[in-house]
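Same order as they appear, the protein sequences are chains A and B.
Whatever position you read off the first sequence (first residue = 1), add 5 for my numbering.
Whatever position you read off the second sequence (first residue = 1), add 5 for my numbering.
It is worth saying that the hints were derived from the structure and are not from the lab.
Check each hint, because a few of them may be wrong.
[Said to hold, decoys possible] In silico lysine to aspartate or glutamate, EDC-like type, Cα no more than 16 Å apart, as pairs: (1) A:83 with A:109; (2) B:109 with A:29; (3) B:8 with A:47; (4) A:56 with A:90; (5) A:46 with A:90; (6) B:59 with B:72.
Quick caveat, the model's predicted, so the values are computed rather than measured.
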Amino acid sequence: EAGVTQFPSHSVIEKGQTVTLRCDPISGHDNLYWYRRVMGKEIKFLLHFVKESKQDESGMPNNRFLAERTGGTYSTLKVQPAELEDSGVYFCASSQVTSGYGGELFFGEGSRLTVL
Amino acid sequence: LAKTTQPISMDSYEGQEVNITCSHNNIATNDYITWYQQFPSQGPRFIIQGYKTKVTNEVASLFIPADRKSSTLSLPRVSLSDTAVYYCLVGDPFSGYSTLTFGKGTMLLVSP
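Chain B on its own, in the form it takes in the complex (with noise of 0.2 Å):
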């Protein structure tokens, strides 16, 4: 199973932009790198889910380097609704979310 590593936590204001890192030296060929976001007392909701260079979607974009050991969150304009833990899954999908694991995630805050 690939391991990854995030920052625990950040911090961040209204309006800009966010970048999480995610780090998976390990990731095999058929893993997917997926992300996660979730609110005290729910359960996490999907954001975004990609494979190699950049997806975007209304929410977030994601970019894999060509190596695919890392991968970046980007949230563009942030407000306050966002803080929240987001989290990094390294897995293949289509094997069956067992293969994917929640680490400790990072704690993003927002501040007015």
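The following block holds chain A by itself, in its conformation from the complex (with noise of 0.2 Å):
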């Protein structure tokens, strides 16, 4: 079984450009996840999707940030523009929750962001 994939691996732009960041969960996976490192910060949630549906993006920040999740199943964070605090790394993560259980947090190998 596929895990999650995350795209591109690496990403060098200049400030005020754009990038678009692409996560494909899990399949089957209805909740969907981004979250971001900064440099020699801690890992910090910015959205859950429940399939197509922004569950929570209390941790976006700011209107540069733009996730769709288009048809419940792969999912883009892109940035508009770029600024040089958004180098990072950006992870995206997918979960199944049932009852009973809160289950795993799958996470993909991160797409790191340099903005120069």
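Dock the two chains into a complex; use the hints.
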């Protein structure tokens, strides 16, 4: 069974440019999460999809970030325009919560974003 | 949100048992305790989850005392490949994982 896949693994862009990160969750997982770790900081929650709906986007830093999950399958996270402080590693995770079990998060390997 | 405190780092040798303790004094009634492992350049990987007493799987054991204000992850007979960062997360996974916060984690270094 394929795990969570993220693309690209590394992106280098200049300040002001646009980048789109993609996440393919494990097939059948309704829950999809985005997290990020900026340099030297802790892993922080960004947002949570349940199928195609945004369940919680309280962690999104500002309106330069746009996440979508059309059709409830893969998700994209667009940063436009990118700023220097957006550099970091963006992780995607998916899960399937069932009754009585909180379930585990399955993480992808992350997309490293470097903004110059 | 429950705040967690873990040691910043630990050292061990191959074949030893390693116990990493996490303090979470303000754990809420609906909160679970979940541990993740992370290797460099990879995403975190689930190890174990528990609510109370003891949970054991093929990888580790999780000990939770009655007051639930702390928990201990036990890794039996560690190997070099267990060198990683270990995170203790406390929160209600049924409310969505936005309630779970990754702290600084514990860097475990296993030596030959």
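Is residue 56 (chain A) within 16 Å of residue 90 (chain A), Cα to Cα?
Judged against 16 Å, a Cα distance of about 30 Å means the pair is violated.
Regarding the pair residue 46 (chain A) and residue 90 (chain A), is the alpha-carbon distance no greater than 16 Å?
holds (12 Å)
Can the restraint linking residue 59 (chain B) and residue 72 (chain B) be considered satisfied, given a maximum Cα separation of 16 Å?
It holds: about 13 Å lies between the C-alpha atoms, which stays within 16 Å.
Pair hint residue 83 (chain A) and residue 109 (chain A), alpha-carbon separation not exceeding 16 Å
violated (26 Å)
Holds or violated: residue 109 (chain B) to residue 29 (chain A), with C-alpha atoms at most 16 Å apart:
violated (27 Å)
Are the Cα atoms of residue 8 (chain B) and residue 47 (chain A) separated by 16 Å or less?
Distance ~13 Å between residue 8 (chain B) and residue 47 (chain A) Cα, so the pair holds.
Checked against the numbered hints given earlier, the structure breaks hints 1, 2, 4 and satisfies all the rest.
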